[in-house]
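Asker: Take the given structure of chain X and dock chains G and L to it, following the hints.
Listed below are the residues making up each chain.
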Amino acid sequence: MSQVELRSLTKHYGRQPALDNVEVSIRDGEFFVIFGRPGAGKSTTLKVIAGIEDPTDGQVVFGDQPMNGIPPQRRNVAMAFESYALYPHISVAANLEFPLKAPGRSIGIDERQRRISEVAELLEITPLLNRRPSQLSGGQRQRVSLGRALVRSGTGVSVTLLDEPIAHLDARLRHWLRGELRHYQQKADTTTVYASPDYVEAFAVADRLMVLIDGRVRQVGTPLEIQTHPADTDVAGMIGDPKMNLLGLDSSGELARQARQHGAHPAAATVGIWPTDAKLDRTQGGIPGTVYVVEPLGEDAIVRVDVPGGRMQIKTSSSQTYRPGEPINVHPAWERAHYFGGDGARIGGGAL
Amino acid sequence: MDRIRRLALLGVWGLFAIFPVYWMAITAFKEQRDIYQGPFVVPGVDFQPTLQSWEYIAGTGRDQILLGFGNSVLFAAVSSFLAVVIGAFAAYGLARYKYRFGPFTNSDLSFLIVSQRIMPPIVAVIALFAMFRFVGLLDTHFGMILVYTWFNLPLTVFILTDFMSRIPVEIEHAAAIDGYGKFDQIRKVMLPLAMPGMAAAYLLSFFFVWNDFLLALMLTFRDAQTLPIVITALSAQMEPRWWLISAIGLLAIIPPALAAIVLDRFMERQVLRGGIR
Amino acid sequence: MKYLLIAPPLAFFFAISLIPLVYTVWLSLTSTNIAGGGGWVGFDNYARLLADTFFRQAYGNTVLFVVIGVAAQYVLGLALALAVHSLTRGQRLVRLAILLPLMIAPLIVGFIWQTLLDSRYGPVNGLLRAVGIDPVAWLTDSSFAFISILIVDAWQWTPFVFLVLYAGLRTLPTEPFEAARVDGASGWRTFADITFPMLIPASIAAILLRAIEAFKLFDIVFYITGGGPGGATGTVSLLGYFTALRSGNMGYGAAMTVVLLLTVIAIALTSLLILQRALSRPDLSGEQAFARRQSRTREVEHG
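Protein chains in written order, with the numbering used here: chain X, 1 to 352; chain G, 1001 to 1277; chain L, 2001 to 2303.
Only chain X is shown next, with the shape it has when bound in the complex (with noise of 0.2 Å):
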């Protein structure tokens, strides 16, 4: 395990930048999560990590060792494939033991038996080990791919590379294995650099995430810090469930007169409401507004709401009933509101 520097990292297909000067220092034993939408460029950092890419410019450093040139069987990284890339001619047990069995890797046989069970209870795969991966459902296969990266922790691997490994389970497995996985680095000390597309998957297992959009890094920070302080509108725009609210000001509107009312930086073009910031009211003040659609989830509703300066989704109990098509009015907690200015960058706001 060591720490890994990403220094000024490029790197283009063709002429297209896949990743634009990506520059981040993931920490030793730390859980480090690249969240982005599909094709901002996880997938190419993971694999530029891995080795399996050159970088066009810039520099992957394990520890004080720069890595460029080194090719991947001798980093000594883990890595589980978004395309699972499982070895279709071998068994499963014997996918799990293919990295064990590695030239030069000293590991004995009743270890690498011990390591192939324990990973294989861990996924719940242990009725499968003697099967070929044609034979396995999707959501199998990919536990596979993930426990051939896992079996390895602890024997000396230097970062474990996880590209959306638990994107195709069903809703139940994946909640659970989001856990375990959490508890198993944190058991092994093992870094680790995990891709997903999906807020709550990234923020509930990572140490620091790093946002990329378009290749380019626009926010590193703990769940907390990117959550209470959002660097832009777009990085805004990707967080939360449901997301923030982001509402256009004109200067003119009903919204903006409140926003100033209550302190709203003079520059803010765009203002920031979590779901739950907001409460609504059918009798007086607030921003005037129409239900448009009501989601029921138990406990909780989601009410999406048309006001003035967009649409807004609010969290409320679902005690209160409303009607689609009913005028309503919405009160945000302003003291608590994210401002952004013209350019998008993050101006004000937010205090918890």
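Worth flagging that the hints you see were computed from the coordinates, not collected in a lab. Keep in mind it's a predicted model, so treat the numbers as computed, not measured. One should not assume that every hint holds.
[Said to hold, decoys possible] Straight-line Cα separation of at most 27 Å, BS3-like style, residue types lysine-lysine; simulated pairs:
| # | chain 1 | residue 1 | chain 2 | residue 2 |
| --- | --- | --- | --- | --- |
| 1 | G | 1098 | X | 101 |
| 2 | X | 243 | X | 187 |
| 3 | L | 2002 | G | 1188 |
| 4 | G | 1182 | L | 2002 |
| 5 | G | 1188 | G | 1098 |
| 6 | X | 187 | X | 101 |
| 7 | X | 315 | X | 243 |
| 8 | G | 1182 | G | 1098 |
| 9 | G | 1098 | L | 2002 |
| 10 | G | 1182 | X | 101 |
| 11 | X | 279 | X | 315 |
Answerer: Same frame as chain X, now just chains G and L:
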């Protein structure tokens, strides 16, 4: 196509495909006069089967036939193996790397290699004869294995390049991540996954060597004679000994048929399934 | 490392292919005799070829053997591949039975068919006599001799076309076929709109490989008719062999083989270009086939 027509087609073709083989088989148990007074189709009814040809094969002609048979098996087995191994590595290169020699790139290289197959052997044999005589390879086992490897290499490269490029590159990357160097990646992952292609390439190569006549005719005369040459020698009589030729022809089916039966199970496997999403 | 991988085939190319090729081309520009005499004649041999009726007949025969033979073998091979592919039991056995002729050396094939087609004691004429048809001079009448060669060539090589197409069928994805069944497409529609378009790459490969081999047609003719009667079944390979090595006119014979080589290269190059284009977008060809079938199904529904 409905079921009946499909079965009718298979039936008719089956008859057409198998009858000549049957004819050869019964001819191997005939005497010369059974052949010339024929057509006799049903053994025991039309004619009395004899073992004349087999006695000849086991007796007078044994050494010569054994020599041709042994040479043919040796050349086919060894040169096909070499062509598949060399071809697999070249195919791997062509499928995975970008080459550039001046203006020439991968597709030109593939074409260069495959184009040798396009050349009718008749174009090459005259010069080949002169070259082999010059370096002293005429009528040697080594020379024949060399020439047959050359003969089959374009075919194996052609088949295997297509096969290798179908193997997802991620699987190879996974092997690199798992700690295996380039050579081990090819040996432990690529080659097993290319097995169906290699089996097919080996089988076709085997068939081509086994069936070759022209090259052996030009380049061998005694020690390295192959079975077809031996048969030609046996038939160069006043009237061809059909019974003997048929008997040897029957024996000659065994090695390629064995190769086909053994390799068939490898071609059957759809090994690539389940590797990637 | 990467150059090491392709070095052996390239070494073979330069050592065993290029030198004989250059030598043959040089030979074709001389009047070299097998006994050793002869000198530089430039393009005289080629000029002579244009007027040589034997050569023109052999060239015409070769082209006809390729066009008719390969077309027939393709249709038959495709029908067989589809039929075997749809079998629920015994595929392995039937497959091996079909491949049987491929395992018999052309030399032996020549001998077998020579006796099968013999006008006097051959079983084919025996069968014709039994049903009351006049026996046919399979090997001595010029048109029948031509047909005989076509039949024997088809007997030996249709299995090869079958093999390539059958392998192609087995690698096709199953989804479009399931979708077609859900849509209620008929067997013929499924074939015309899905199976056939998706088999186009395999088809081109089979036809190309077969055509290249057919251009070299030598052994079967050599054994069965020897090119006769009167050159009716002669091919360029055969004539080149007889001219260069039997009659000893090596220069003139070499010119024949060079013309043959140029013809094959021209055809192979064109086909390879088409093949590369078809193979480079297998995803697209499948998708297009799928989309086209769906739109047609829709037309049927709405019309």
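Asker: Next step is simple, just say for each hint if it's right about the structure.
Answerer: Verification of the hints:
no.	hint	result
1	G:1098 with X:101	violated, 31 Å
2	X:243 with X:187	violated, 33 Å
3	L:2002 with G:1188	holds, 18 Å
4	G:1182 with L:2002	holds, 11 Å
5	G:1188 with G:1098	holds, 23 Å
6	X:187 with X:101	holds, 23 Å
7	X:315 with X:243	holds, 11 Å
8	G:1182 with G:1098	holds, 16 Å
9	G:1098 with L:2002	holds, 9 Å
10	G:1182 with X:101	holds, 16 Å
11	X:279 with X:315	holds, 8 Å
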